[in-house]
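*Asks:* Just so you know, the protein sequences line up as chains Z and H, in that order. For the first sequence, our numbering begins at 1 and goes up steadily by one. For the second sequence, our numbering begins at 1001 and goes up steadily by one.
Worth flagging that the hints you see were computed from the coordinates, not collected in a lab. Quick caveat: nothing in here was measured; it's all calculated off a predicted structure. Honestly, I wouldn't trust all of these hints.
To be verified - No farther apart than 25 Å at their CA atoms in a straight line, the calculated lysine-lysine pairs in the DSS-like style are these: (1) H:1367 / H:1340; (2) H:1367 / Z:181; (3) H:1211 / Z:181; (4) H:1402 / H:1344; (5) H:1340 / H:1296; (6) Z:181 / H:1030; (7) H:1108 / H:1030; (8) H:1030 / H:1219; (9) H:1340 / H:1219.
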Amino acid sequence: MKRIFDAQLLGPAIALIVIATLVALTTDRFLNPGNLSNLSLQVSIVALIAIGSTIVIITAGIDLSAGSMVALLTMILAEMLKFMGLPLPVAILLVLGCGLALGLTNGVLTAYLRIPSFITTLAGLIAFRGLALLFNNGSPIFSLDPNLEPLFYGSLLGIPLPFYYLVFFYGLAAVVMNYSKLGREIYAIGGNPSAAALSGINVRRVQTYAFAIAGFMTAIGAVLMSARLNSGSPNYGQTLELQAIAAAVVGGASLAGGRGNVLATLIGSLTIVVVQNALNLNAVPTSVQNIVLGMIILAAVGVDMWRNELSSKIGALFSLSHTRQRGA
Amino acid sequence: MASSDATGSRLCVTTELVRAKTMTPISEIKEPLWEVIDLVKRYPGVLANDHVSLKLFEGSIHGLLGENGCGKSTLIKMLSGVQPPDAGRIRCGGEDVQLHSPTDARGKGIATVFQEFSIVPSLTVAENIFLGRLPTGRFGGVDWAAMNREARAVLAEMEVDLAPAEITGNLSVAEQQLVEIAKALASDARMIILDEPTAALGLSEIDHLHKLLRRMREKGCAILYVSHRLDEVERIVDEVTILRGGQVVRASGETEISVDNIIAAMIGEDVGEHYPKTNNSREEVVLEARGLTTAKGVSDASFSVQAGEVLGLGGVLGSGRTEIALGLFGADPLLSGEVKIHGKSVKIRNPMDAIRAGMALVSENRKFDGLFPNFAAGGNITTAGLSSITRAGFLDLATEDKATADYIRELEISPQADSKTINLLSGGNQQKVILARWLFSNADILIFDEPTQGIDVGAKLAVYRLINELTAQGKSIILISSDHDELLAMSDRIATVQHGTVTGITKASELSHVDLVKASSDQKTHKLQETAA
């Protein structure tokens, strides 16, 4: 367990606790059970997609296509349910398969055809939304399946279902990243791709897997998005990829690769959503909300970059009592 | 530049005195140009510089020596304005100065050539030389003609044959190093700090560099010279200061400048033998490479390695030794040629194939393609053998922890390696961790490309002992080294490499240092004449 809950979680966790406490003290309705449950619904879609974004970021890549992919996948799901009359479970499985395939495409283009992931997924960001517009003449499709909505709004033992999804997928991701060979290889290729290749790691295949995982998690997000709004629309998921990347970065993932913790990303997602929620409850306009979000990202990365200097300054205060140690 | 009133004749006298390697400290003769007094620098948990004092004189090459982690780099950083000292004084020409930034230090006449180059590969040689202070014309634009003219003058003065308009990234490592030095020269620095300037250079390049340094000394520069290659230190420096554990253990004039004395002072004990070689070579051929050819300059290279043997690859920088290793290991795809292991032909298309066939490669540049800076020792050690600790896709972390602890103990790696990420360790410890990686992968044919480059004497000895242990177990080693003494002493046979091919294989015992240098250079001139004709 020491490996999963490592020191990287500490900073983001403290930040979240401080922010949540401040919000709770200043905003009456924040701690209402209704609001808290709403909060977990709000965070779920971003947080699930952010699992994939984090893994891609750890490989030193980036996935900008998630938001548009959500739009495309909600349209595919809507098309299958509304016009092709497929049963719900089949349609969902097919959408998950589509997400996996789109992620694989991103991965193959990046890893094997050596197009930088920023470009590959930027192309995806533009093209996937275009593809989404090909369905139903570009119009949203509403009222899909009566059994779809409960997947998002349903609850078990009084706890909303999305909470269980978060526990399941984050638990799985944490175990894979910390205990599996694939997880280790993902960290290795992000840390030093040349060394990884010389150590016999199949760098291209691991990169491709990372994007495939991201595609799959995006598909999970897309199904929940459809369930939440009981519809599919080419306009869904705008800037979702950026929120997911922001969550990873607030959680301490380094865009240079090799460093990051999926559980910290969950904390990062929560931090962002708590702030948004607080601003909403206080009727702060969207313009200010966006400015605040930008500031949070800057502050999170800033603290991370300055951490070494800060800790050495703090260390220097205590070093007088240290015994003299030798060697630099 | 307060004390620049030194006349040429006075300098001449000083350098004569210096040349005589007198045991009298120069401090009794003249005022130092730069002086540091009782410098203290503390990092969290480590006292990196503990009241270090040093005097640097005009017209003198001052060697700064010590094992990795002794505080050399810290001292250089403070003298270059990269980091401020916690306590102590830095004096220039008898006056206290503060070096607030590298720019500040450069403005005061200190030019530093760091181990990691500060060259911008996409710019031309001239642009790099004048980077940060490009000559400007009347309207504030860059005066390109003047810049190229001045660059040409600087390069001519150095007797370096480089075109100012050449893109720096296209040059060899050695040539880039010369550009770095030209940059220091062009800034009219009165003091030049060189941190491991020869780590990437071959013998002739080192000679060239030394010639250059001597000329700069004649001109009255003070030079602070840091190197792990003690044989060349012995040849070039006028005085030495030796650091150990952040303290000066031998100030200038306190030790005779000879390799044995220096080593004894550096590690604090006598090292009887620098190269403890044992002969374990057996008649059984383990690896046979025939006609290896790659797109990266290897053409028709053939050689064989026996069980328990160390096969040295000798040759000048750029002769293709490293490229042969990369081709054999599958990192550069083989265009043609055959590799046989234990008599069986093996197809090696990539490093994965090579590792499966029992090979290992300790690469030349740790930072570039060896280390995982995001992992502590454990992750770095197991990467090449992950399959052996994987059950149903998951890692057996208990085995990893145990193996890591074992290697840390056996190879005497710093215990901090267990918890700290590897980029925070010294070069010697990093290299040992990488060696441990290939011990863990249980390879039988290990390619060591410059395994002792940039690591301290103690760590070097550990590498040599490891080579002996491995060969005693019947494992084979292909050793690439620019340190000819090391190559001669540690190899059983030496294959001379020229232009990407093996031109001859001789028993190491039948070769002398001179033979080795001659063999490579003779063939080089021969080849040049061929191409000229």
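*Asks:* Each hint needs a verdict: does it hold in this structure or not?
*Replies:* Evaluation of the provided hints:
A hinted pair counts as satisfied when its Cα atoms are at most 25 Å apart, and residue 1367 (chain H) with residue 1340 (chain H) does not qualify at roughly 31 Å. Our distance criterion of 25 Å between C-alpha atoms is met by residue 1367 (chain H) and residue 181 (chain Z), whose separation comes to about 23 Å. This hinted pair does not check out: residue 1211 (chain H) and residue 181 (chain Z) have alpha carbons roughly 53 Å apart, beyond 25 Å. Distance hint between residue 1402 (chain H) and residue 1344 (chain H) is unfulfilled; the C-alpha atoms sit about 35 Å from each other, more than 25 Å.
A threshold of 25 Å between alpha carbons decides the hint, and for residue 1340 (chain H) with residue 1296 (chain H) the separation of about 22 Å falls inside it, so the pair holds. At roughly 64 Å between alpha-carbon atoms, residue 181 (chain Z) and residue 1030 (chain H) are farther apart than 25 Å, so this suggested pair is violated. The straight-line distance between the Cα atoms of residue 1108 (chain H) and residue 1030 (chain H) is roughly 21 Å, inside the 25 Å bound, and the hint therefore holds. A hinted pair counts as satisfied when its Cα atoms are at most 25 Å apart, and residue 1030 (chain H) with residue 1219 (chain H) qualifies at roughly 17 Å.
As the CA atoms of residue 1340 (chain H) and residue 1219 (chain H) are separated by approximately 57 Å, the hinted pair breaks the 25 Å bound.
Checked against the numbered hints above, the structure breaks hints 1, 3, 4, 6, 9 and satisfies the rest.
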